[in-house]
Amino acid sequence: MKWSDGESYIEIDTPLAFNFAQCLVFLGRSEQENLHRINDGYLYKLLKFDEEFVLCKIGCKPNSIHIDFPLTSPSKDTREKIAVYLWEWFDLHRNLSPFYEMAQKDTILQPLAQKYDGLRMIGMPDLFEALVWAVIGQQINLTFAYTLKRRFVEHFGERQTFERETYWLFPTYEKIAAISVDTLRQLQFTARKSEYIIGIAKLMAGGELTKESLLQKEDYLHTKRTLMAIRGIGAWTADYVMMKSLHCPTAFPIADVGLHNALKIQLGQERKPTIEEITQIATHWKGWQAYATFYLWRSLYD
DNA sequence: CACCAGGGACTAC
DNA sequence: GTAGTCCATGGT
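Residue numbering for the first sequence follows the working numbering, starting at 497 and increasing by one per position.
Simulated from the structure, these hints should not be mistaken for laboratory data. All residues carry an ideal CB built from backbone N, CA and C; glycine is no exception. Heads up, a few of these hints could be off.
[Claimed, not checked] Here are the simulated SDA-like cross-link-like pairs (lysine to any residue), alpha carbons at most 25 Å apart as the crow flies:
no., residue 1, residue 2
1, Lys577, Glu529
2, Lys601, Lys577
3, Lys713, Ile618
4, Lys557, Lys601
5, Lys544, Tyr716
6, Lys601, Gln762
7, Lys611, Leu588
[To be verified] Simulated DEER-style distance windows between Cβ atoms:
no., residue 1, residue 2, range
8, Glu772, Asp798, 44 to 52 Å
9, Glu704, Asn559, 38 to 46 Å
10, Thr603, Arg655, 29 to 37 Å
11, Glu704, Pro558, 28 to 36 Å
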């Protein structure tokens, strides 16, 4: 990763096939999102490292991402962590050339790759955030899922205010490990989801589940099995988290309803494709299932 | 009012 | 292993 440190700002070199505006479209998909704000072409995100809050104002230049710090100037050590966070958030380490070459020969992906050229996998560097968001999203419509996430963040997350706007941090697993099922039930989480989320928080608080250990697993299936052994994490959630937080390119939530709807639309069919049909279609996507899924999700927001 | 929603656990066979 | 059932609640 290449980045330059200007002390009061940082700049991260962007790879080929990167389009900041495309990424902002995806990040702006919900009005209820409270973990970042988009205003006038800039992306605002609150982060915290070692008790140090940092508000980032993120914009783009021709070949780089430029980050200013409107609230306080972070230390050098923190500036490096911010660069790493952004690197992960926008999946900047990945060379997309093979994906676009593959997409060029795929009738479904070809128009999407052209239309959303430069869109990167928008990740979730925080493993706990990815897990909770996935559990929240199980079997409910996205609008309600965002409502639940907003309540969750605003009840248990820390905040900073800048120019009359409030910026939120996702709650920590330490905090959630200590709450009761009843507390989440009051926010209209189901009892089951409350148990899953608190259970996951306790595993992480106890050091039994870490992003580092998951990343150390040998292969896709081993990692997926490890995740699926946790109560509340099935095949869909495991793939979702591997895709968004572990940057696994072969993660493929094949049972995803959004994926089914996107394929139905792209294929111009009256019905959604079956799992067997999707398996067949996806044989072309080998090695890039996560990106294929992500671009299909993106197509739902036009 | 019916059906759906970015599923998963649990049970029975 | 897999098919059936329940979970629970808002959106459309």
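Hinted pair Lys601 and Lys577, Cα distance within 25 Å = Violated, at roughly 38 Å.
task = Check the following: the C-beta atoms of Glu704 and Asn559 are separated by a distance inside 38 to 46 Å.
result = holds, 42 Å
message = For Lys713 and Ile618, compute the direct alpha-carbon distance and say whether it is at most 25 Å.
response = Satisfied, since the Cα-Cα distance of roughly 23 Å is no more than 25 Å.
query = Cβ-Cβ distance between Glu772 and Asp798: within 44 to 52 Å?
reply = Taking Cβ atoms as reference, Glu772 and Asp798 lie about 28 Å apart, which means the hint is violated.
query = Does the Cβ pair Glu704, Pro558 satisfy 28 to 36 Å?
reply = For Pro558 against Glu704, whose Cβ atoms are near 45 Å apart, the range 28 to 36 Å is violated.
key: Given hint Lys601 paired with Lys557 - CA-CA distance at most 25 Å   = violated, 31 Å
message = Just to be careful, I want the Cα atoms of Lys577 and Glu529 compared with a cutoff of 25 Å; is the pair within it?
response = Given that 25 Å is the threshold and the Cα spacing comes to 23 Å, the pair holds.
Proposed proximity, Leu588 with Lys611 (alpha carbon, max 25 Å) = holds, 19 Å
query = Is Lys544 close enough to Tyr716, meaning Cα to Cα at most 25 Å?
reply = The hint is violated at about 30 Å.
inquiry  = Tell me if the straight-line CA distance from Lys601 to Gln762 falls inside 25 Å.
reply    = Holds: Lys601 and Gln762 sit about 15 Å apart, inside 25 Å.
ask   = Per the hint of 29 to 37 Å, is the separation of the Cβ atoms of Thr603 and Arg655 within bounds?
value = Distance hint for Thr603, Arg655 is violated at roughly 47 Å.
When each numbered hint is compared with the structure, violations occur for hints 2, 4, 5, 8, 10, 11.
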